[in-house]
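Chains as they are written, first to last, in my numbering: chain W, 9 to 226; chain X, 9 to 226.
Keep in mind that the hints were calculated from the coordinates and are not lab data.
A virtual CB, placed ideally from N, CA and C, is assigned to each residue, including glycine.
One or more hints might be untrue.
[Stated by the list, open to error] Here chain W is said to cover these stretches of chain X; the calculated rule only asks that three of the stretch's residues, wherever they fall, bring their Cβ under 8 Å from a Cβ of chain W:
{"#": "1", "region": "21-28"}
{"#": "2", "region": "36-43"}
{"#": "3", "region": "178-189"}
{"#": "4", "region": "198-208"}
2 protein chains.
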Amino acid sequence: MTRLRCEISMSLDGFVAGPNPTLEEPLGVGGNLLHEWAFAAASWRESHGLEGGERNADSEVIEESLRTTGAVVMGRRMFSGGEGPWEPDPRAEGWWGDNPPFHVPVFVLTHHARQTLVMEGDTSFHFVTDGIEAALEQAKAAAGNQDVLLSGGASVVQQYLKAGLLDELQIHVAPVLLGDGTSLFDRLEIDPLGLEVTRVIASPSVTHLRFRVPARTT
Amino acid sequence: MTRLRCEISMSLDGFVAGPNPTLEEPLGVGGNLLHEWAFAAASWRESHGLEGGERNADSEVIEESLRTTGAVVMGRRMFSGGEGPWEPDPRAEGWWGDNPPFHVPVFVLTHHARQTLVMEGDTSFHFVTDGIEAALEQAKAAAGNQDVLLSGGASVVQQYLKAGLLDELQIHVAPVLLGDGTSLFDRLEIDPLGLEVTRVIASPSVTHLRFRVPARTT
Chain W
9 MTRLRCEISM SLDGFVAGPN PTLEEPLGVG GNLLHEWAFA AASWRESHGL EGGERNADSE
69 VIEESLRTTG AVVMGRRMFS GGEGPWEPDP RAEGWWGDNP PFHVPVFVLT HHARQTLVME
129 GDTSFHFVTD GIEAALEQAK AAAGNQDVLL SGGASVVQQY LKAGLLDELQ IHVAPVLLGD
189 GTSLFDRLEI DPLGLEVTRV IASPSVTHLR FRVPARTT
Chain X
9 MTRLRCEISM SLDGFVAGPN PTLEEPLGVG GNLLHEWAFA AASWRESHGL EGGERNADSE
69 VIEESLRTTG AVVMGRRMFS GGEGPWEPDP RAEGWWGDNP PFHVPVFVLT HHARQTLVME
129 GDTSFHFVTD GIEAALEQAK AAAGNQDVLL SGGASVVQQY LKAGLLDELQ IHVAPVLLGD
189 GTSLFDRLEI DPLGLEVTRV IASPSVTHLR FRVPARTT
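With these hints in hand, go ahead and build the complete structure from the sequences.
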């Protein structure tokens with residue numbers, strides 16, 4: 009059965025982006041420090057059309073994610089950094105150039121309808137305006153018997169968590185305190201929710217904590 | 009050289025206590041879920057004068073901490089849950105009864121001076137009114153060639169971190185989302201601070217992430 013998996017890099021103090029994100033520095037001040045482990049990994053570089061990188065445990069975690077992901081869901085801000093109508097959005101085709109690193113259909117949550125955007129390398133961006141459940145349904149249909157990857161940002165992760173739609177959560181804990189920024193979980197204001205640890209992989213650059221999220225009745 | 013080590017249990021969403029702490033439920037709603045791994049460990053039970061428990065990796069982490077700790081620093085709220093003058097504080101002798109689980113000198117940060125409290129089992133509570141540096145200095149002197157353990161709460165940890173006085177940080181990440189409560193790091197509003205991962209120990213109940221905190225010039 010197709011599952012919804014969230015995988016995201018977080019600082020030890022809980023941020024998925026630093027403060028003051030801009031078009032030049034979309035991850036905010038220090039935000040790149042969350043992803044250094046990925047930038048150094050061969051599998052990440054390969055998916056981004058880059059050469060080199062290390063074939064280590066971190067690279068395997070990314071490789072596994074790419075191999076098991078049949079579709080991606082993300083928020084509008086993660087896609088372009090913008091908000092509101094698309095016309096004035098300088099990153100209306102996303103951050104990633106002509107050949108984005110996803111190589112599967114990507115479903116972008118937005119309030120502003122637009123045509124599907126077909127990119128090189130089997131990535132297509134589908135814009136979903138009727139909410140998180142509709143986006144998940146479309147992504148599941150597109151994923152076949154692979155998983156749907158929820159890649160962020162924080163607000164979208166919170167929405168899927170609160171709706172009880174998330175099956176698995178893998179947090180890549182980066183060894184850094186950002187001090188401020190976008191908090192992944194913020195204050196969810198849910199009842200305490202126990203998770204099941206299903207795997208921990210540690211390297212000097214990052215700790216990958218994987219959890220099963222139990223079904224909830226809310 | 010005597011180091012200052014912080015060891016604290018934190019939920020995946022960054023809380024060291026749940027919301028609405030009371031005298032009856034000092035860890036707030038769901039806060040006990042942060043410490044279940046410890047309650048089940050033989051070494052924790054032993055230090056609390058209880059029998060039973062498991063001799064597992066988690067128990068060894070606690071055993072190591074007890075063995076290497078020569079003095080403890082904590083905040084007033086962690087000591088008694090109260091604030092202000094001592095007279096009306098119903099937990100003015102601490103939470104732990106006649107034989108507290110520390111078995112070394114404990115330095116309690118407070119704005120309200122009082123005499124040292126000598127308990128059974130080699131625990132003594134020393135009340136320090138002249139700030140975090142003075143408390144650390146006194147604790148270091150008492151610790152001999154062992155470490156000083158900074159055991160919380162969040163506000164005190166933040167103060168030592170911001171002052172650049174912390175040498176080591178061990179976070180016991182409990183597999184639970186509390187949804188609200190006392191945030192360990194909150195928004196420190198420091199420049200991004202890279203940490204060095206020195207050890208990761210994982211069990212089904214908790215992941216122990218240990219970091220060296222680099223020296224800072226602030």
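Each hint, compared with the structure:
As drawn, the region 21-28 of chain X meets chain W at 3 residues by the rule of a beta-carbon pair under 8 Å; at three or more, the given contact holds. Check result for the region 36-43 of chain X against chain W: holds, 3 residues qualifying (beta carbon to beta carbon below 8 Å, three or more required). For the region 178-189 of chain X, the proposed coverage by chain W is satisfied: 8 residues have a C-beta within less than 8 Å of a C-beta in that chain, meeting the threshold of three. Check result for the region 198-208 of chain X against chain W: holds, 9 residues qualifying (beta carbon to beta carbon below 8 Å, three or more required).
Figure legend: structure checked against the earlier numbered hints; every hint is met.
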